[in-house]
Amino acid sequence: MLDYGQVLDLLTDDERQVQSTARDFLDAEAMPGITDAWEKGEFPRDLIPKLGEMGYLGANLPSEYGTAGVNNMSYGLLMYELERIDSGLRSFASVQGALVMYPIYSYGSEEQKQNYLPKMASGEMIGCFGLTEHEGGSDPGAMKATARKDGESYVLNGSKMWITNGNIADVALVWAKDDGGVVCGFLVPTDTPGFVANEIKHKLSMRASVTSELVMDDCRIPASQMLPDVRGLRGPLSCLTQARYGIAWGALGALEAVYEDALAFSKTRSTFGKPIASRQLVQTKFVDMVSDHTRGMLLAWRLAILKDQGKLNYSLVSLAKRDNVRAALLAARSAREILGGSGIVLDHPSIRHMLNLETVDTYEGTHDIHTLILGRDITGENALE
Amino acid sequence: MALNIIVCAKQVVDPETPASAFRIDPDTKQVVPAQGIPPVVNGFDENAVEAALQIKEASSDATITVLSVGSGFVMDVMKKPLSMGADQLILVDDPAVGNLDAFGTATALAEAIRKIGEYDLILCGRQASDWDNAMVPLGIAEILGLPCITIAQKIEVSDDGVTVHKALSDGYEVVKAELPAVVTITNELGEPRYPTLRGIMTASRKTPTVWDASEVGLSHDQLSHKLDLTELYIPVSDTECEFIEGEDDADSGRLLALKLREARLI
Numbered sequence: 001m002l003d004y005g006q007v008l009d010l011l012t013d014d015e016r017q018v019q020s021t022a023r024d025f026l027d028a029e030a031m032p033g034i035t036d037a038w039e040k041g042e043f044p045r046d047l048i049p050k051l052g053e054m055g056y057l058g059a060n061l062p063s064e065y066g067t068a069g070v071n072n073m074s075y076g077l078l079m080y081e082l083e084r085i086d087s088g089l090r091s092f093a094s095v096q097g098a099l100v101m102y103p104i105y106s107y108g109s110e111e112q113k114q115n116y117l118p119k120m121a122s123g124e125m126i127g128c129f130g131l132t133e134h135e136g137g138s139d140p141g142a143m144k145a146t147a148r149k150d151g152e153s154y155v156l157n158g159s160k161m162w163i164t165n166g167n168i169a170d171v172a173l174v175w176a177k178d179d180g181g182v183v184c185g186f187l188v189p190t191d192t193p194g195f196v197a198n199e200i201k202h203k204l205s206m207r208a209s210v211t212s213e214l215v216m217d218d219c220r221i222p223a224s225q226m227l228p229d230v231r232g233l234r235g236p237l238s239c240l241t242q243a244r245y246g247i248a249w250g251a252l253g254a255l256e257a258v259y260e261d262a263l264a265f266s267k268t269r270s271t272f273g274k275p276i277a278s279r280q281l282v283q284t285k286f287v288d289m290v291s292d293h294t295r296g297m298l299l300a301w302r303l304a305i306l307k308d309q310g311k312l313n314y315s316l317v318s319l320a321k322r323d324n325v326r327a328a329l330l331a332a333r334s335a336r337e338i339l340g341g342s343g344i345v346l347d348h349p350s351i352r353h354m355l356n357l358e359t360v361d362t363y364e365g366t367h368d369i370h371t372l373i374l375g376r377d378i379t380g381e382n383a384l385e
Numbered sequence: 001m002a003l004n005i006i007v008c009a010k011q012v013v014d015p016e017t018p019a020s021a022f023r024i025d026p027d028t029k030q031v032v033p034a035q036g037i038p039p040v041v042n043g044f045d046e047n048a049v050e051a052a053l054q055i056k057e058a059s060s061d062a063t064i065t066v067l068s069v070g071s072g073f074v075m076d077v078m079k080k081p082l083s084m085g086a087d088q089l090i091l092v093d094d095p096a097v098g099n100l101d102a103f104g105t106a107t108a109l110a111e112a113i114r115k116i117g118e119y120d121l122i123l124c125g126r127q128a129s130d131w132d133n134a135m136v137p138l139g140i141a142e143i144l145g146l147p148c149i150t151i152a153q154k155i156e157v158s159d160d161g162v163t164v165h166k167a168l169s170d171g172y173e174v175v176k177a178e179l180p181a182v183v184t185i186t187n188e189l190g191e192p193r194y195p196t197l198r199g200i201m202t203a204s205r206k207t208p209t210v211w212d213a214s215e216v217g218l219s220h221d222q223l224s225h226k227l228d229l230t231e232l233y234i235p236v237s238d239t240e241c242e243f244i245e246g247e248d249d250a251d252s253g254r255l256l257a258l259k260l261r262e263a264r265l266i
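From first to last, the protein sequence lines are chains A and B. First residue of the first sequence? That's 1 in the working numbering, and the numbers climb one at a time after it. First residue of the second sequence? That's 1 in the working numbering, and the numbers climb one at a time after it.
Chain A on its own, in the form it takes in the complex (with noise of 0.2 Å):
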């Protein structure tokens, strides 16, 4: 592991035997196929089971409803070995784990626990997030996706938008407003009638991920479908700052690959005579790699540390995000200069993840956004309004 800062050494022996058997289990298990799945444009899914028999689903998650239970650092550094892997292979573990299981966890029912959370944590069952919709993400109050109460049943109308996951779930947590225009969950079954995913085809990004719309059509479910413990959009921003959690992890993993990458690269291939590695120019790239990551590792280590001790800011966690994601893009970019015309090819894992973290930058509120919310908490002035 790229670890400059000596970071390993502030861990226990249980977090870098975790790190270290994720990277042993995913070098050998996910990194021979994905190039390949990246360019059909398939997730691939027969890596569900076994991330699921490894624990890595829900991992975080006390471990009373078959989830593993390790603490945030582990989880961290899981997220952390997926990305370096792909970025959608990181995502939706994300998604599963964050965005669906524990919102299930925190706000469910005992019924809904018991139905999803053993399932959701073995990979016998899939979850999706619906929360953005067509007109944008970054404003999530403004949705129109309606959930009518009509005796014992939700009828949910409206559609969901860059959904991951959403053609391989069995179960979507839908964002919606009830009758009284407040925001609501609702664990959708995928085979309702009125439900249907159409997959976003044509990506350029996220290949290795499935990403969909959700249209849900006079979609009935029953009452006791819903989220009995959160009302309000507390209850989605809440699992975005989990998901954001793991991404400020997980960016790190995927600008560790494009570094190792390059840099073995740069010491093989000369001009004029010398490697290039030996030039100042190629230097002061890997130079800025190596101290975004550092500086990323250390902020991460942090967020951790703060996150078990249940004092963790979401505004730490957009600042992480933020930032993280920025530089693993930043590094990506630069490592497929320095690779020149072979950075463009996916022999290389360049670009790859450059393209992917496009997606990452934007997705779980944009760059723009997190420095909006900085910029409030730090100066008390809402710029989002």
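Hints may contain errors.
Partial selection, computed: residues in chain B whose CB lies under 8 Å from chain A [as the list claims (entries may be wrong)]:
hint, residue
1, S71
2, M75
3, D76
4, K79
5, P195
6, L197
7, M201
8, S204
9, K206
Quick look at which bits of chain A chain B covers, simulated, 3 or more residues with Cβ under 8 Å [said to hold, decoys possible]:
hint, stretch
10, 17-31
11, 55-63
Label-pair restraints from in silico Cβ distances [unchecked claim]:
hint, chain 1, residue 1, chain 2, residue 2, range
12, B, A21, A, G273, 23 to 29 Å
13, B, I37, A, G273, 53 to 59 Å
14, B, T207, A, D179, 55 to 61 Å
15, A, T268, B, F243, 19 to 25 Å
16, A, L298, B, G190, 36 to 42 Å
17, B, I24, A, T371, 50 to 56 Å
18, A, G41, B, L229, 53 to 59 Å
19, B, I37, A, P32, 19 to 25 Å
20, B, Q222, A, D27, 40 to 46 Å
21, A, D27, B, A21, 17 to 23 Å
22, A, H367, B, I24, 46 to 52 Å
Hints were generated in silico from the structure; no laboratory data involved. The beta-carbon is built from N, C-alpha and C at its ideal position, and this holds for glycine as well.
Given the coordinates of chain A, assemble chain B onto it according to the supplied hints.
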């Protein structure tokens, strides 16, 4: 039947470490591990742990004890067998056993096994990736007066004893022994399982037993080197690239074959 399995495991320098990343101290004739590259459990020893776990899964009542001798143990590395599913870990951790030759290692392990007391089956990796001697398991068997079957690609335990498919260059032979016995395991047995998060969490609640050399009853004489290491160095390899050009592809292939035969490679 209740079965007590002891698996001997060694912490080694990661064999994937490139030669450029570590150096050899010419004075102590020891490898200086590369910075930032942690050691690993010897690969064949992980195969032995996997064999033990498979036996345990097929048995109604088996206990797996992992045993290692050495010094400077890295705990997240050595606890890996526990995370895979072994029941307990015993470390003989003492500078006195940190740099033994094969005879000393076999002696230390055998004495530790005697101290453990109850054992039916002792599993070892076929050899360790640092020295590749493949001598220690035979030494343990000799010291303890046990039969030893080497290079097992399959192993089964029954009331009659242990049955092993011993790997050969052109197949395998079936060998049986009564228990207790020493068996060395090869990688053909199958990939060792990855520790799951649940396994790691379970292992984190287990505290390894740590003995020093005196607790095992090891004397300085027992551990003195029987082998003299005269020199330790990283071999220098030269690479030459020769293009073989024939009249056509078939001719090139023929010339290549002749070249390889001259070099006694085929």
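### Query
Which numbered hints does this structure break?
1, 9 and 13
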